[in-house]
Amino acid sequence: MGVDGIGARVKRKEDRRFITGKGKYTDDMTVPGMGYAAFVRSPHAHAKVKSIDASAALDMPGVEAVLTGDQLVGDGVGNLICGWMIHSKDGTPMKMGAWRALEPEIVRFVGQAVAVVVADTLAQARDAAEAVVVDYEELPAVVDAVAAMEPGAPQLHPEAENNLIYDWEIGDEAAVNAAFDSARHVTSMEISNNRLVPNAMEPRAALADYDEAEEHYTLWTTSQNPHVARLVLSAFYNIAPEHKLRVIAPDVGGGFGSKIYIYPEEMVCLWASKRTGRPVKWVADRTEAFLTDAHGRDHKSHAEIALDENNKITALRVKTVANLGAYMSLFSSSVPTYLYATLLSGQYDIPAIHCNVKTVYTNTTPVDAYRGAGRPEATFLVERIMETTAREIGMDPAEFRRKNFITEFPHQTPVIMCYDSGDYNASLDAAMKAADYANFGARKAEAASRGKLRGIGMSCYIEACGIAPSQAVGSLGAGVGLWESAEVRVNPVGTIEVLTGSHSHGQGHETTFAQLVADRFGVGTDTVQIVHGDTDKVQFGMGTYGSRSGAVGMSAIVKALDKVEAKAKKLAAHLMEASEGDIVVEGGEFKVAGTDKSTPFFQLALAAYTAHNMPEGMEPGLKEGAFYDPTNFTFPAGTYICEVEIDPDTGKTEVVNFVAADDFGKIINPMIVEGQVHGGLTQGIGQALLENAAYDESGQLVTASYMDYCMPRADDVPSFNLMTTETLCPGNPLGMKGCGEAGAIGSPPAVINAITDAIGNNDLEMPATPERVWRALAAARPAQAAE
Amino acid sequence: MATVTITVNGKKRSATVEDRTLLVSFLRENAGLTGTHVGCDTSQCGACVVHVDGKAVKACTMLAAQADGSEVVTIEGLAQSGELHPVQAAFHEHHGLQCGFCTPGMIMAATDMINRYGAKLDEATIRRELDGNICRCTGYHNIVKAIKAAADAMAGTAQAAE
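Each protein sequence line maps, in turn, to chains G and A.
Mapping of the first sequence onto the UniProt record's numbering: position 243 corresponds to residue 243, and the numbering continues sequentially without gaps.
Mapping of the second sequence onto the UniProt record's numbering: position 113 corresponds to residue 113, and the numbering continues sequentially without gaps.
Don't read these hints as lab results, they were simulated from the structure.
There's no promise every hint is true.
Said to hold, decoys possible - In silico DMTMM-like pairs for lysine to aspartate or glutamate, Cα to Cα no more than 25 angstroms straight-line:
id : chain 1 : residue 1 : chain 2 : residue 2
1  : G       : K22       : A       : E76
2  : G       : K24       : A       : D122
3  : G       : K11       : A       : E76
Keep in mind the model is a prediction, meaning the values are calculated, not measured.
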């Protein structure tokens, strides 16, 4: 390994532009003649649109156009789609209600757009949007998923009786029932997973420019996957054929899932640019982000676990109701099914699992994948019921988990997944040691002497990343293949460009991907440029989500590097009159092993392009591409231990120590991986303690700004204690598992297990606000006093 | 309409703007300095922090007209002759940024914090002082480390100069 190679803590190449204010985000782009879009949005959660009167708005200064849903539908712009087909257990397909980018008839959530104003300035557009008069007839609304299924509940879509989208199941129900019939102990509990708003710091934005002469569109947008955006905009929304549509995702300020989807606003900007004959820019304000970015989580579950006389788990039975909001967002259907129920085995050897999932429409913002996507919900359920069971049977929670760990690999779970590698005892041991688990009692007593309640909780999570083998996901209903592509372009002067279909929006690809090249050829990362985020430059790509850029995106780069290396070695052998098998690459040079003959990398590159002296039949140039389709999911896993101190007078929780022991397989840049974990942990702690998307009964999102939605601040979290244990993933060339989501997946149950340990009351929902903790504590006290 | 003249990063910038124009819009649109970002509408996120007459100010919460005649320093004006400011260098060294969107505001707030506290800055103070700056990527861990390192480095430099 060179200084910049695999495993090195290389400082980020991309930092300089961000720390000097030279990053280029979508809102930083301008095009001559550009107009600004402002959307007219429904203030009602459910209403008929009776009429839209734009006459006053059209008379206002600078206003170019006011466009509505009737015009959009009239122009043949397609409805938004959900790209993953799920069938109910009775075999019927999921019930997809029509979702138009501007709604002409019935609005179904607060913030849904009914019209757009285009004007010379943003202020003029916003003023005019206020002046558009929409006559609504309010309809009754429903926001809770369980209530939405009840008879007499307001109905959202004619296709979906009782608002039910699908009623899906996985696992062997009869085997599970039999195991429960003969169980020695059963623990059952209700488990909620609170609704969250992703809140990437850069709000979504779009700048669309239609060139009439070329009939060509350019769209700059905040996307995690510009090629998927182009594909969907082209194939389903009828905006333009793919070769007439260029999508550029420049610097993107965070995504966390929310920038996977193709939303109404980007489509409308493209359409409006053609309609008005000028470039159109839109940037969400923060409240628009709260109202229209796809939300995350929102599950209500009933879970039961069965044990035999040796405290070994014999079965898990789960019934979940998932709220998908008013419409089916792009990958929404896959989240509470194949990204959730397939992980319900956790790190444990559970012979039988059955899960039933009902997904439901409500008059709320659509819900889709948010950092972790299904896996946090699974982990929270499994790790809460594991902890609760251990307490009920009077066994140390660590020992109970250890007793049920999977220890042999590969391990086929009863819910599709085949875990390929792992060492769950190793991460549990590492975390317990780092957390000084053995001496917790002394710390608890010390805290008690100060009038504080101290608790400790753990979470042994597993997740599935590297999504995913195309054939496998295709058989499960995915509308796309989930491979990745890469191209390695060696320039005649020996510098290297790597074109990748992955997209970096904070993950540091420009550095880690360059490390792969540095490692391979012994060149400095400063001679490597990573190119991404532009459909005109990169041939195709599936983008970045599901912690896939390492395990899938980098595997594609490795394949392309293999091809470049093979050709370069052949050429080197020819030039140095040696056998191809004797060529080795070291320190930026091609050498003939056992001799002093060598050719520097840049000379070899030049020789490939001058082509004056090539082996027989070899084409000039040095550029190779590859597509990589994974053979399996990857399975990062680990143990998180959280220690909290609670002030019993206020109910305020302080996280006093947080240990994370992760197995991510091979790590390319530990500094960047640690950063991913820090961020994930903070989002998970945010879910556990602070964050909640709260609707009132009428369907108003009452937490639609940073005044009301509690984002984690610096003083809400501690400095973290991180470590890794390593088992390599056998399924990809680098042995990588993925690290982007683990922190957010594993941390919430550790926090809640710690708090419930401290207060002696297991009945506590997220977020565990001071009020909730104080009330739970008060509820536990009479019982404790009576003991 | 108001004619506003603001010295931005040492250079006088004049424009006639609507009265309601915010300082952040003036900087981004009139001065063409897009390093100052807008992440919310309620003065919570701090992506827009700049220095006005030597003090950290949220540029989304001040009218351009209020800054008339002021000296403003933005993220673009922090590095001198291509040399990174110690806070910028520390954010790079300690991986104190990921997507980079909150970073300009973080660095400007951190610089102001160090100006006020100097070497006395400890972790608890840094975390409390960052109340007005939200980051969704880093979990603050490395931002706190970077600010502490910059404070120490700047105190060392100040001492050496004495």
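Verification of the supplied hints:
1. G:K22 <-> A:E76: Holds - the C-alpha atoms of E76 (chain A) and K22 (chain G) are around 8 angstroms apart, at most 25 angstroms.
2. G:K24 <-> A:D122: 33 angstroms, violated
3. G:K11 <-> A:E76: Roughly 21 angstroms between the alpha carbons, so the hint for K11 (chain G) and E76 (chain A) holds.
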